[in-house]
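Student: Residue-level listing of the chains:
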Amino acid sequence: MIRTLLRIHWTNLRRDRVAQLLTFVVPMAFFTIFALIFGGRGGGVTRRVHVAVVDESHTATSQRLVRALQAEKGLIVLTRVKAGGPARDTTRVPIDRARGEKLVRDGVAPVALVLPAGLDTSLARFDGGGVPILLLSDPSDPIAPQVVGGLLQKVVMSAMPDLFMKRGLGEFERYTGGLTPRQRQVVDQWLPQLSARAARDSAGAPAAGAGPGGDSAGAAGMSGLAKVEVVPVLGRKQDTSIISFYAAAIAVMFLLFAASAVAGTLLDEVDSGTLERVLSSHLGMTGLLTGKWIYITLLGMLQITVMFVYGMLAFRLDLLHHLPGFAVMTLFTAATAAAFGLFLASLCRTRAQLGGISMLIILVMSALGGSMFPRVFMTAAMQKAGLVTFNAWALDGYVKVFWREAPLAALLPQVGMLAGFMVVFLALARLFARRWERV
Amino acid sequence: MTVLRIQDARKAFGATQALCGVSLELGEGELLGLLGPNGAGKTTLVRALAGRVRLDGGTIELFGRRLSETETREGLGVVPQEIALYPLLTARENLEAFGSFNGLRGAALRDRVAWALEWTGLAERAREPIRRFSGGMRRRLNIACGVLHEPRVILLDEPTVGVDPQSRERIYEMLDRLRANGVSMLLTTHQLDEAEARCERIVIVDHGRVIAAGTLGDLVRDTVGARRVVTVKLDRAPAAPIEGLAGEGDGTIWRGPVHDVDVDVAAVLRRVAAAGRTVEDLEVRQPSLQSVFLHLTGRELRE
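From first to last, the protein sequence lines stand for chains Z and U.
Under this note's numbering, the first residue of the first sequence is numbered 1, with each subsequent residue one higher.
Under this note's numbering, the first residue of the second sequence is numbered 1, with each subsequent residue one higher.
For the record, the hints were derived by calculation from the structure and aren't laboratory data.
One or more hints might be untrue.
Said to hold, decoys possible - Below, simulated SDA-like cross-link-like pairs (lysine to any residue); rule was C-alpha separation at most 20 Å, straight line: (1) Z:Lys292 to U:Pro87; (2) U:Lys233 to U:Gln286; (3) Z:Lys292 to U:Gln286; (4) Z:Lys292 to U:Glu96; (5) Z:Lys292 to Z:Asp271.
Claimed, not checked - Some chain Z residues well away from chain U (every beta-carbon gap over 10 Å; in silico): (6) Met1; (7) Ala60; (8) Gly168; (9) Gly178; (10) Trp190; (11) Gly273; (12) Leu283; (13) Val439.
Bear in mind that the values here come from a model prediction, so they are computed numbers and not experimental data.
From the three backbone atoms N, C-alpha and C, an ideal C-beta is built for every residue, glycine too.
With the hints as constraints, model all of the structure from the sequences given.
Tutor: Dropping the structure here:
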C-alpha cells in the first residue's frame, strides 16, 4: 500500500509542472540571486562608495589626505561641483559643507566627508582629542559611512605614516624624557622616506613589503586614530528610517502577492462559468478588468496604509509628517501592483499555474528590487539589475519621501516609471484577456 | 409570432465544424427543447445566441431584428449549466450583482430582487452566503440571476442537472410561471423525459446539423413510426420462438410491435398460451423520445 501511495505521489509530481517549478526551480532561482548579491558576482564589482570631500582645513596634510582618498579604489571622491548658477554655467567650485550636505540630501553621495579646520592637530592623536573629521551621512544607506570610515582610517595610516611616527615619538618623549641625539638623527632621516613611500602608494605604486593584506591589518590595528564623527544629515533617526524602509519593502512584496491572489478570481470565474455569464451581460471585458483593477488598487492602498499606521503606532514611524508623499507613492504603487496582478492572472490558465508563477516572479522581483534587503547592500551590477523590477522604483520613491524628505516633484522619476509599468501591465492584461471574449 | 430565428448558422473551431448550417425558430411563449448528443453543437449554438461565439456565417434575429455579433442581447436571458454565482455572496447580493450587470438600478433592481427571492422561495435565506445552500437552492438562484432583468427570451442550459425530483418539479413550476406571462424558452437538456413532458416542440441536432424538428408526435411518426411495443414476461422460456415477437435475455422476455392494441395484444396472448407458457407481466408502450433520439443519433458513445 505504501508503495502504491509513493507511486501515486510521484506520478502526480511528474505531471504537475507547477509543483516541479516550486520544488526545484524556485529554490535554485533564489540560491542564484542570493549568491549573486552576497557573493559579489553577477558581472559586477563590489560597490564603490561616492563620497563628497569638503576640505575646510586647506593644509598640506588635508590635501595629502584628499589625494590619498582619491587613490582609494573603494571610493569615488567628489571634490568639486557645478556652481549652481544658470544651466549653461559649467563652472565647478570646491565643495563646501553646505554643498556637501546637499549632495547627501539629494542622494548624489551617501556620505560627505568634512576635513575640518585644525585637522593637522587632530590627526594621529593618541589622546582621543582634537577636532573630529565629520561624516555627513544619508541614513538610508547605513553601509556607506561604515565603509568610508574604515577606508579613511586605512588611508590616514597608509598615506601619512610619517605623521603617526612624529606624533608617536612626541608622546614617547613626553613620557620618557626624549631621544638621544643619535636616535633623533635616525628618526629625522627616516621620516622623509616614510613620507615619500606613502606618496608613491597614494599614486598607485605598491608599497615595498606591504601588500593589500598588510594594509588591511594595519588599518584594523590602528583604527580610531583619525577621530571620526558620523552626523546624519536628513534629520531623522536612523532606526525609524529603517523601519519606514521595511514597512514599504514588506508592504510592496505582500501587495504583489495580494494583487495576484485577488486578480486570480478572474480564473475562478472562468472555472465556475461566472465570467461567461458576466460577459453575456452589459459588462464587457474592459469594464470587468477596470472594475477589478480599481478594487485591487483600493485594497492595496488600504494594505499599505495599515502597514504604515501599524509602523507609526508600534515603532514610532513618522507617517504624519510625510502624508502627501506617502499618498502619491501609495496610489501609484498600489495601482501598478494591481495591474501586475491582472497581467499575471490573464497570462495563466489555471489557479495552480498562477500560484506557482506568481510565487516565482514576485519572490525574484522582491529579492532583486530590494524588498528582502536594501539594494544599497548589493553590488553595483545587482543594483542596476534591480531597476527592471517594479519593487525597486516603488521603494526608491518611499525612501525619497521618508528619508530624503524630498518634495513631491522629486518623486517624478519613480512615479513616472511606475505609471509606465502600470500602462504596460494593463495593456498586456487586456491583450491576454481577449482569449475569454468572443471566439 | 417568432421571437428568435437562427438561419444557416455556421461555426468552425480549427478543423472541427461545430455548426454546419443550423436553422431554427422559437415562437412567443414557446418552450423549445434543443437535444443532441455530447459534441453535437448545442453549446456552441447557445453561446452564439448569447453573443459569446462569433458565427462564421448565418444570421440571428431577435424580435424580428437581425443582431450584430457584438451588440448586447437586450431582452435575452441566459441561464448557464454551471452554478455561475459568487459563492461567498448571499442570495440577495448575487441577485443584486447580476441585476446590476444586466442594467437594473435603484428601485427597479430592489423590486426585481424581491420578486426573485419570492419566486425562488429563497426569501427567508436571502442573507445567507450561498455556499451553505443545497444544490436545488443554488440551481433556483442560478436561474433567477438569468431572468432578473425580465428577458422575453430565455436560454436554459441544463437547468435541472444534478437536482432531486422535488427540486426539478419546483424549477419547472417557476418556469411555467414565466411562460404564463408569455416568456419564450430554449431548453437544452439530456433529460429526455423532461423534454418529452415539458417541451412543445423539439429540435435534435447532431454533428452541427438539425436532424429532426417538430412536436414529439411529429418526431415519432417521422422516425420510429407510431407503432406501440408490447413486452411480455413469461414464467419459463418457451421451447420454440413465438411468432411476431423477439426474445431477450434468458428467453422469458419477448417483445414486438403492435398496430392495433385491441386486436394485436389478444393475438400475442393466444400465441403464448399455445406455446404452453403463462404471462407473468405485460406492458404496452408508445414509442418514447428516447427511442426517437437513439434511432436518429445511434447507440454509439460520443466522447
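Student: All hints are to be evaluated individually against the structure, with a verdict given for each.
Tutor: Comparing the hints with the structure gives:
1. Z:Lys292 to U:Pro87: Distance ~17 Å between Lys292 (chain Z) and Pro87 (chain U) Cα, so the pair holds.
2. U:Lys233 to U:Gln286: 18 Å, holds
3. Z:Lys292 to U:Gln286: The given pair, whose Cα atoms are some 56 Å apart, is violated under the 20 Å limit.
4. Z:Lys292 to U:Glu96: 18 Å, holds
5. Z:Lys292 to Z:Asp271: It holds: about 17 Å lies between the C-alpha atoms, which stays within 20 Å.
6. Met1: 32 Å, holds
7. Ala60: With a cut-off of 10 Å, Ala60 (chain Z) remains clear of chain U, as the shortest Cβ separation is near 78 Å.
8. Gly168: 78 Å, holds
9. Gly178: 91 Å, holds
10. Trp190: Given that every Cβ of chain U is farther than 10 Å from that of Trp190 (chain Z), nearest at about 85 Å, it holds.
11. Gly273: 3 Å, violated
12. Leu283: 5 Å, violated
13. Val439: Check fails; 6 Å does not lie beyond 10 Å.
Against the hints set out earlier in the document, violations occur for numbers 3, 11, 12 and 13.
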